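Chemist: Each chain is listed here by its residues.
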Amino acid sequence: MGDQIVPDEGNAAAVDLTSCDREPIHVPGGIQPHGVLLAFVEPELRPVSVSADIEAFTGLLPQAVLNAPLATCMTEASVARLSAVLAGDDLAAANPIAIALRTPAGVRDVDGIVHRHDGLTILELEPRDEEQRPSGSFFRSIRTAIRRLQTAVDLKAACEIAAHEVRRITGFDRVKIYRFAADWSGQVIAEERGGGIPSLYDFHFPASDIPAQSRALYTSNPVRIIPDIGYRPSPLVPDRNPVTGGPIDLSFAVLRSVSPVHIEYMVNMAVHGAMSVSIVRDGRLWGLISCHNTLPRFVSFEVRQACELIAQVLTWQIAVLEEAEIVRHSVRVRAVQQRLLHGLGGRKDLHAGLIRGGDEMLALMSAAGFALSGFDGVTTYGQTLSEPEITALVAWLARIDSRDVFDTDCLAAVHPASAGNPETVSGVLAVPLGRASTYFMLWFRPEVAQTVTWGGDPHKPVRIGPLGERLQTRASFDAWREVVRGRSRLWQPHEIVAAIEIRDLVVDVILSKAEELEGVNRQLARSNDELESFAYVASHDLKEPLRHIEAFAGLLKESLPADSEGRLGDMVGGIETSSRRLRALINDLAEYSRVGRQARPLAAVPLDEVLADVLADLRPVLEETGATVSATALPEVLCDRSQIRQVLQNLISNALKYRHPDRSPAITVDGVVEAGAASEIDRGPAAEPVRRVRIVIADNGIGFDEKYREQIFEPFQRLHGPDEYEGTGIGLAICRKIVQRHGGSISAASRADIGSTFTFTLPMRSLDDDGDLGR
Amino acid sequence: MSRDVALPTILVAEDHNHDKFILTEVFSRAGIRADLRFVNDGEQMLDYLYRRGPFAAPGAAIMPTLVLLDLNMPRLDGRKVIRILRADETLRHLPVIALSTSESPKHITEAYAIGINAYLVKPANIPDYVAKVSSLWDFWMRTASLPTVDVKP
Numbered sequence: 001m002g003d004q005i006v007p008d009e010g011n012a013a014a015v016d017l018t019s020c021d022r023e024p025i026h027v028p029g030g031i032q033p034h035g036v037l038l039a040f041v042e043p044e045l046r047p048v049s050v051s052a053d054i055e056a057f058t059g060l061l062p063q064a065v066l067n068a069p070l071a072t073c074m075t076e077a078s079v080a081r082l083s084a085v086l087a088g089d090d091l092a093a094a095n096p097i098a099i100a101l102r103t104p105a106g107v108r109d110v111d112g113i114v115h116r117h118d119g120l121t122i123l124e125l126e127p128r129d130e131e132q133r134p135s136g137s138f139f140r141s142i143r144t145a146i147r148r149l150q151t152a153v154d155l156k157a158a159c160e161i162a163a164h165e166v167r168r169i170t171g172f173d174r175v176k177i178y179r180f181a182a183d184w185s186g187q188v189i190a191e192e193r194g195g196g197i198p199s200l201y202d203f204h205f206p207a208s209d210i211p212a213q214s215r216a217l218y219t220s221n222p223v224r225i226i227p228d229i230g231y232r233p234s235p236l237v238p239d240r241n242p243v244t245g246g247p248i249d250l251s252f253a254v255l256r257s258v259s260p261v262h263i264e265y266m267v268n269m270a271v272h273g274a275m276s277v278s279i280v281r282d283g284r285l286w287g288l289i290s291c292h293n294t295l296p297r298f299v300s301f302e303v304r305q306a307c308e309l310i311a312q313v314l315t316w317q318i319a320v321l322e323e324a325e326i327v328r329h330s331v332r333v334r335a336v337q338q339r340l341l342h343g344l345g346g347r348k349d350l351h352a353g354l355i356r357g358g359d360e361m362l363a364l365m366s367a368a369g370f371a372l373s374g375f376d377g378v379t380t381y382g383q384t385l386s387e388p389e390i391t392a393l394v395a396w397l398a399r400i401d402s403r404d405v406f407d408t409d410c411l412a413a414v415h416p417a418s419a420g421n422p423e424t425v426s427g428v429l430a431v432p433l434g435r436a437s438t439y440f441m442l443w444f445r446p447e448v449a450q451t452v453t454w455g456g457d458p459h460k461p462v463r464i465g466p467l468g469e470r471l472q473t474r475a476s477f478d479a480w481r482e483v484v485r486g487r488s489r490l491w492q493p494h495e496i497v498a499a500i501e502i503r504d505l506v507v508d509v510i511l512s513k514a515e516e517l518e519g520v521n522r523q524l525a526r527s528n529d530e531l532e533s534f535a536y537v538a539s540h541d542l543k544e545p546l547r548h549i550e551a552f553a554g555l556l557k558e559s560l561p562a563d564s565e566g567r568l569g570d571m572v573g574g575i576e577t578s579s580r581r582l583r584a585l586i587n588d589l590a591e592y593s594r595v596g597r598q599a600r601p602l603a604a605v606p607l608d609e610v611l612a613d614v615l616a617d618l619r620p621v622l623e624e625t626g627a628t629v630s631a632t633a634l635p636e637v638l639c640d641r642s643q644i645r646q647v648l649q650n651l652i653s654n655a656l657k658y659r660h661p662d663r664s665p666a667i668t669v670d671g672v673v674e675a676g677a678a679s680e681i682d683r684g685p686a687a688e689p690v691r692r693v694r695i696v697i698a699d700n701g702i703g704f705d706e707k708y709r710e711q712i713f714e715p716f717q718r719l720h721g722p723d724e725y726e727g728t729g730i731g732l733a734i735c736r737k738i739v740q741r742h743g744g745s746i747s748a749a750s751r752a753d754i755g756s757t758f759t760f761t762l763p764m765r766s767l768d769d770d771g772d773l774g775r
Numbered sequence: 776m777s778r779d780v781a782l783p784t785i786l787v788a789e790d791h792n793h794d795k796f797i798l799t800e801v802f803s804r805a806g807i808r809a810d811l812r813f814v815n816d817g818e819q820m821l822d823y824l825y826r827r828g829p830f831a832a833p834g835a836a837i838m839p840t841l842v843l844l845d846l847n848m849p850r851l852d853g854r855k856v857i858r859i860l861r862a863d864e865t866l867r868h869l870p871v872i873a874l875s876t877s878e879s880p881k882h883i884t885e886a887y888a889i890g891i892n893a894y895l896v897k898p899a900n901i902p903d904y905v906a907k908v909s910s911l912w913d914f915w916m917r918t919a920s921l922p923t924v925d926v927k928p
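Line by line, the protein sequences give chains A and B. The opening position of the first sequence corresponds to residue 1 in the numbering used here, with each subsequent residue numbered one higher. The opening position of the second sequence corresponds to residue 776 in the numbering used here, with each subsequent residue numbered one higher.
No lab work stands behind these hints: they were computed from the structure. No false leads were mixed into what you were given.
In the DSS-like style, the derived pairs of lysine-lysine whose C-alpha atoms are separated by at most 25 Å in a straight line are:
hint	chain 1	residue 1	chain 2	residue 2
1	A	Lys557	B	Lys795
2	B	Lys881	A	Lys543
3	B	Lys795	A	Lys543
4	B	Lys897	B	Lys907
5	A	Lys543	B	Lys907
6	A	Lys543	B	Lys897
7	A	Lys543	B	Lys855
8	B	Lys855	B	Lys881
9	B	Lys897	B	Lys881
10	B	Lys897	B	Lys795
Fair warning: this is a prediction, and the values are worked out from it, not measured in the lab.
Assemble the whole structure, with the sequences as input and the hints as a guide.
Modeler: Okay, structure coming up:
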């Protein structure tokens with residue numbers, strides 16, 4: 001589409017458009033022959049160079065004009081007007097200058113367009129079409145165009161209005177608004193056309209179609225016209241700038257000759273006349289108003305100026321509308337945030353809350369999917385990478401120290417390992433939840449548009465020019481498609497800002513939840529502490545009146561007359577029995593509360609020794625019941641020795657106490673080192689896996705109904721009446737509390753009449769510094 | 776021994792009326808004839824021993840042969856009383872027997888460390904209590920030789 005030149009005219013080799021970036025298209029050495037070019041070095045007004053087609057206009061050979069007074073080829077009045085303009089301040093404002101050329105057929109009026117560049121003053125003469133002369137209705141029509149543009153509600157509408165108005169003013173068959181992307185590829189975002197010319201709406205073109213120096217010329221010289229691509233360039237005679245000694249720089253010339261590549265491209269598109277007007281925003285080429293005609297078409301300088309004005313107004317509108325777009329977007333962001341906050345705040349589960357607001361969040365970010373990778377694994381919504389891919393990506397992001405937002409339009413190019421199907425996900429925007437966090441919010445975008453419906457007959461032979469097949473829109477589109485394969489739309493700055501805002505919101509929700517949780521934990525710990533000290537103090541204070549009751553009962557008993565021991569004695573005996581039981585309960589309660597209060601640091605203890613101590617203590621009972629205890633070799637564990645001794649003592653005593661009446665107790669004690677130890681409850685506080693020992697104590701006693709397997713660990717829960725078996729029912733509760741304090745767990749299994757199995761776990765190596773896991 | 780006529784005086788610091796009652800009963804059931812004098816707390820005990828306040832009147836406070844002291848008393852705690860007695864030249868020789876409900880080895884060791892002469896856990900069971908008090912009496916009043924109150928060491 002741009003002006004490009006191939007050095008050797010008629011070069012039939014396949015065109016490498018990327019090499020066009022280096023072509024010196026601003027010094028083509030010739031002009032389009034619908035006009036004449038004359039160059040001077042002021043103050044002299046004698047041409048130092050002239051286009052060869054001066055002969056076609058005036059019948060004079062270039063040599064006759066070169067270094068001759070200007071009046072040789074134009075009227076004295078024309079020279080005077082030119083001189084006046086050159087003496088003035090504002091050359092551009094003075095264009096076009098009415099010039100009357102002397103021709104063999106008499107005087108011919110043309111438009112003179114003058115500019116200074118590179119030490120030269122260049123006067124270009126264009127045909128003046130009296131029918132196209134600006135009139136009152138023309139200016140009214142421009143005013144209308146501008147007013148309509150200003151009513152546009154969004155960017156798309158503005159572009160459509162601009163295309164429509166430019167076509168109305170210029171009469172081109174097709175007027176399209178072409179917009180550059182950040183990578184300089186382009187897309188037709190609006191189009192107005194008539195007649196049989198095919199639509200190029202929504203077509204994409206690769207950046208190489210308009211190379212860098214073409215874009216530079218479009219930026220500095222905003223209007224370009226090629227009235228008839230079938231022209232033969234008219235050379236400059238001579239093509240030499242006497243000031244610089246080099247060729248004449250035609251960057252700002254309206255007649256500058258066109259690259260053969262560009263011409264062939266237009267021929268292949270069946271376009272014979274073209275014009276473009278640049279849309280330059282903040283010094284950057286934003287886009288083009290590109291006009292095509294199936295037949296050659298010339299529009300006068302003044303009409304072109306009107307188009308330039310429309311482009312300028314469009315530029316302002318774009319600025320305003322893009323601002324408005326961003327404001328509208330941020331308003332939508334706020335609204336979505338409000339809804340999210342509302343949705344998340346009231347929910348326990350952050351993930352569920354995010355999923356519920358999923359569609360809105362996707363619409364907001366123009367994304368197809370999102371994921372939250374963190375605490376409870378990966379949550380996805382919509383069209384995303386697979387979970388393993390997300391995990392790989394997040395691990396990589398954490399590794400590359402991505403504390404900031406990470407965005408890409410082509411994941412496969414930056415991290416192929418996590419890239420899946422690009423048609424599903426090409427672009428990724430990842431926002432870390434916190435500094436150095438391995439938790440991320442991620443948004444995903446698929447590849448950009450894949451296909452275009454081609455108009456016309458697909459079997460119609462395509463006329464291929466001498467420079468090859470590449471110079472067609474279809475080939476351009478294919479080339480663009482190749483370039484954008486695996487790429488998504490770029491993440492816009494305001495979208496990234498929105499993502500960060502959503503992240504902040506989510507972090508707020510997480511933090512407030514964490515705070516809430518911490519508050520609950522603190523409260524729990526406090527009430528737990530309170531409960532323990534209450535139990536301890538209560539047991540102490542309960543003991544005193546109890547002791548008095550017992551003492552008074554004792555005194556009473558001894559005061560009873562020897563002959564009245566019957567019923568009165570039973571009553572006093574009842575007081576004594578109840579007091580004893582109450583005392584036992586109080587002692588157990590005190591002991592239970594002491595498990596948490598009198599915690600000693602954990603140390604490495606050989607479990608074998610502890611078991612030996614326990615069996616030594618229990619020897620009388622063991623002998624009395626004829627029990628056998630067999631134990632495998634037990635490892636060293638990390639524990640509070642006296643507490644673990646108590647656990648073993650309680651469990652083995654229970655095995656003896658609840659022995660089966662028909663058989664001698666047989667007790668086994670096994671210690672198994674857990675492999676891997678990756679299960680969740682067995683992780684240390686630093687989330688570092690801790691190796692654990694599982695201790696299993698099995699007996700052949702009376703067993704119990706498994707429906708009580710949880711209940712038996714509750715304080716003062718008994719399965720038997722106090723008359724059947726002694727005890728308050730605190731033993732297993734104390735065992736559980738001790739094991740929990742060690743960061744382990746305890747459980748029971750049983751079959752009535754067969755036996756019971758108690759299993760508990762203990763850590764094998766160092767835990768955190770204070771050594772206390774249970775608090 | 777110059778106490779043939781008068782009963783031996785035992786000063787008991789005990790805040791609880793039930794305990795006073797029980798102790799009196801236990802002494803009686805053990806067949807001990809003694810002059811049991813009760814004070815409610817450490818401060819009263821010091822008043823008694825220094826013969827001040829309510830004990831300032833002549834004859835109001837007879838110097839005891841033995842002191843039974845509940846370690847956990849309101850106001851001036853038993854441990855503090857012992858420290859004061861042991862720091863006082865005129866009183867430091869007094870035999871002091873601690874009464875307590877605590878069986879904690881820590882408490883027992885601490886009590887000896889600050890200078891008690893014996894530690895007695897109050898039994899809840901009356902026969903036990905009677906037996907303990909009897910043997911206590913046998914030891915202190917019949918077996919051991921006690922310091923003479925009026926003689927400076």
